[in-house]
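There are 2 protein chains.
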Amino acid sequence: MEHTIDLTDPRSALDLSNIRYQLIRLEDTIIFHLIERVQFPLNPTIYSTNAITIPNFCGSFLDYLLMQQERIHALVRRYQAPDEYAFFPELLPSPILAPLKYPQLLHPNTVNFNDKLKTAYIKHILPAACKPQVADRGERYENYGSTAVNDVACLQALSRRIHFGKFVAEAKFLAEKEKFTDLIQRRDTKGIMREITNEAVEKQVLCRLELKARTYGTDPGDNSKDPKVKVNVDAVVAMYRVRDPLLVRFKDYVIPMTKEVEVEYLLQRLINPAPEAVTENRHWLLSAAEAFFSFIS
Amino acid sequence: MEHTIDLTDPRSALDLSNIRYQLIRLEDTIIFHLIERVQFPLNPTIYSTNAITIPNFCGSFLDYLLMQQERIHALVRRYQAPDEYAFFPELLPSPILAPLKYPQLLHPNTVNFNDKLKTAYIKHILPAACKPQVADRGERYENYGSTAVNDVACLQALSRRIHFGKFVAEAKFLAEKEKFTDLIQRRDTKGIMREITNEAVEKQVLCRLELKARTYGTDPGDNSKDPKVKVNVDAVVAMYRVRDPLLVRFKDYVIPMTKEVEVEYLLQRLINPAPEAVTENRHWLLSAAEAFFSFIS
Numbered sequence: 001m002e003h004t005i006d007l008t009d010p011r012s013a014l015d016l017s018n019i020r021y022q023l024i025r026l027e028d029t030i031i032f033h034l035i036e037r038v039q040f041p042l043n044p045t046i047y048s049t050n051a052i053t054i055p056n057f058c059g060s061f062l063d064y065l066l067m068q069q070e071r072i073h074a075l076v077r078r079y080q081a082p083d084e085y086a087f088f089p090e091l092l093p094s095p096i097l098a099p100l101k102y103p104q105l106l107h108p109n110t111v112n113f114n115d116k117l118k119t120a121y122i123k124h125i126l127p128a129a130c131k132p133q134v135a136d137r138g139e140r141y142e143n144y145g146s147t148a149v150n151d152v153a154c155l156q157a158l159s160r161r162i163h164f165g166k167f168v169a170e171a172k173f174l175a176e177k178e179k180f181t182d183l184i185q186r187r188d189t190k191g192i193m194r195e196i197t198n199e200a201v202e203k204q205v206l207c208r209l210e211l212k213a214r215t216y217g218t219d220p221g222d223n224s225k226d227p228k229v230k231v232n233v234d235a236v237v238a239m240y241r242v243r244d245p246l247l248v249r250f251k252d253y254v255i256p257m258t259k260e261v262e263v264e265y266l267l268q269r270l271i272n273p274a275p276e277a278v279t280e281n282r283h284w285l286l287s288a289a290e291a292f293f294s295f296i297s
Numbered sequence: 001m002e003h004t005i006d007l008t009d010p011r012s013a014l015d016l017s018n019i020r021y022q023l024i025r026l027e028d029t030i031i032f033h034l035i036e037r038v039q040f041p042l043n044p045t046i047y048s049t050n051a052i053t054i055p056n057f058c059g060s061f062l063d064y065l066l067m068q069q070e071r072i073h074a075l076v077r078r079y080q081a082p083d084e085y086a087f088f089p090e091l092l093p094s095p096i097l098a099p100l101k102y103p104q105l106l107h108p109n110t111v112n113f114n115d116k117l118k119t120a121y122i123k124h125i126l127p128a129a130c131k132p133q134v135a136d137r138g139e140r141y142e143n144y145g146s147t148a149v150n151d152v153a154c155l156q157a158l159s160r161r162i163h164f165g166k167f168v169a170e171a172k173f174l175a176e177k178e179k180f181t182d183l184i185q186r187r188d189t190k191g192i193m194r195e196i197t198n199e200a201v202e203k204q205v206l207c208r209l210e211l212k213a214r215t216y217g218t219d220p221g222d223n224s225k226d227p228k229v230k231v232n233v234d235a236v237v238a239m240y241r242v243r244d245p246l247l248v249r250f251k252d253y254v255i256p257m258t259k260e261v262e263v264e265y266l267l268q269r270l271i272n273p274a275p276e277a278v279t280e281n282r283h284w285l286l287s288a289a290e291a292f293f294s295f296i297s
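Residue numbers (UniProt numbering), protein chains in the order written: chain D, 1 to 297; chain L, 1 to 297.
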């Protein structure tokens, strides 16, 4: 499994080519989950607060399922992994398993873009992805559960993707410490944004996404002239970034959000640095006995 | 969404072409989940009873996560849908939402192959699917959670697939009532098996599976001569059925299990038939207000 990121090993976790491999692999995960999700109509009722009455809960049906899902995953230590961020961090129980010690990969920070991601997903990403080619499919009451289960999978994959920006940022910071320290000290967010942007790579991502969405979304045995694609390919690409600025119907989210995560992280990078602890931990490899459980890949 | 099965409408749910469309669509779901699963090593520890100590629970780590997952889905009425069967039916809480009335699609029956499926999955399907092309990837302690989460998704999709056999059986029974009644009354399981078998369709399934596993498992942007396939294609096909009887390394499960479900269901088809209730319900279409929530697709 060369190139797969290993978050128990700082040398692997902060290697930019490993991080890139992980981000490319996550594209598949996100597209798979989105294809599963759009089997069902948009079903807007499940995103509306209290539209479905749930005892002792104030929120949307999706929120309820997402929160319950996170509570179970918290029990088995998902949110102790440095690449996992909860949508309801304040509602999580303590793990039932002994804590897992990870090496200190990231600088301590409070960056969590999940609220913003959830809003973008519900308001923009999902309606575009569900957009039917021909006619509105209406609402299917009996699919609310399946719909929400698939939404949770999409949101968790997208969240992992954008928060990987922290690893990207840390790797870039370590590679050009002086330059970034200067930019951060001057709070030059535009300068930071410029430094972390690689337009050539972004273009590659978009081309790959289109190809993947079309390939994974089409039954390879369908030999008809105009085979049905199970997902709106334009919406998948637009979820990451608009290719054509004239295409105003879609907005872009994943790439800019990842970069916002990077900038926010870097702005916190020099606060309470505790350099000895960080440096020491960076060279500390987790023993198998201690690396008992986590949720990273 | 023509051809998509509608379990609130008996005419749709028991239409063989709709059922077939659903089974073909489920192949994608199963392959997507399996590709996600085999990102991680086999990690046999999570399938071994008490290998990981969980407070107040006696079972494997996978069992724990599967049970907790089913409990949440039960709260939102997943297991009231006629195509959903739990692995831990005795441990499920009552739904927090008012029950959903489905039309009576199937004859009352006790057929549940999940234990058998779980055993086959852990002992045969998964080891074959995880089989690395080159070398053993070892065990990754920090991936136990991700591994189990993906196993749950695979098992739920496979379970839905094999239990769809009940719909296949009911549709075939209704189409040839006299013939099946005779076979059932004579407990002629071999005769029933012969009647429900369509070898031409089975062969098509296997060809399609191979093509899908290879297509969805390969990064379409990988232009190398020998692109890496993310899943063991032979194992995916073997999961459904052995193509070549000489290939003794793999055993086949999904197709024969679906057929066993069909046979078991038919053997219970004439017990306490309550024909008026069934007939009446069969023509009863669910009103939108009542069809409030379920987990079917």
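Incorrect hints may appear among the rest.
Pairs involving identical chains hold if they fit within one copy or between any two copies, as the list cannot separate such chains.
Claimed, not checked - Lysine-lysine pairs mimicking DSBU-like chemistry, simulated, CA-CA at most 35 Å apart:
hint: 1; residue 1: Lys177; residue 2: Lys225
hint: 2; residue 1: Lys123; residue 2: Lys179
hint: 3; residue 1: Lys116; residue 2: Lys259
hint: 4; residue 1: Lys177; residue 2: Lys123
hint: 5; residue 1: Lys101; residue 2: Lys228
hint: 6; residue 1: Lys230; residue 2: Lys179
hint: 7; residue 1: Lys118; residue 2: Lys203
Derived from the structure by calculation, the hints contain no laboratory data.
This one's a predicted model, so the numbers in the text were calculated from it and none came from an experiment.
To see whether the hints hold, each was checked on the structure:
no.	hint	result
1	Lys177 / Lys225	neither (54 Å within a copy, 40 Å between copies)
2	Lys123 / Lys179	neither (38 Å within a copy, 54 Å between copies)
3	Lys116 / Lys259	within (14 Å within a copy, 47 Å between copies)
4	Lys177 / Lys123	neither (38 Å within a copy, 50 Å between copies)
5	Lys101 / Lys228	between (48 Å within a copy, 33 Å between copies)
6	Lys230 / Lys179	neither (46 Å within a copy, 39 Å between copies)
7	Lys118 / Lys203	within (25 Å within a copy, 43 Å between copies)
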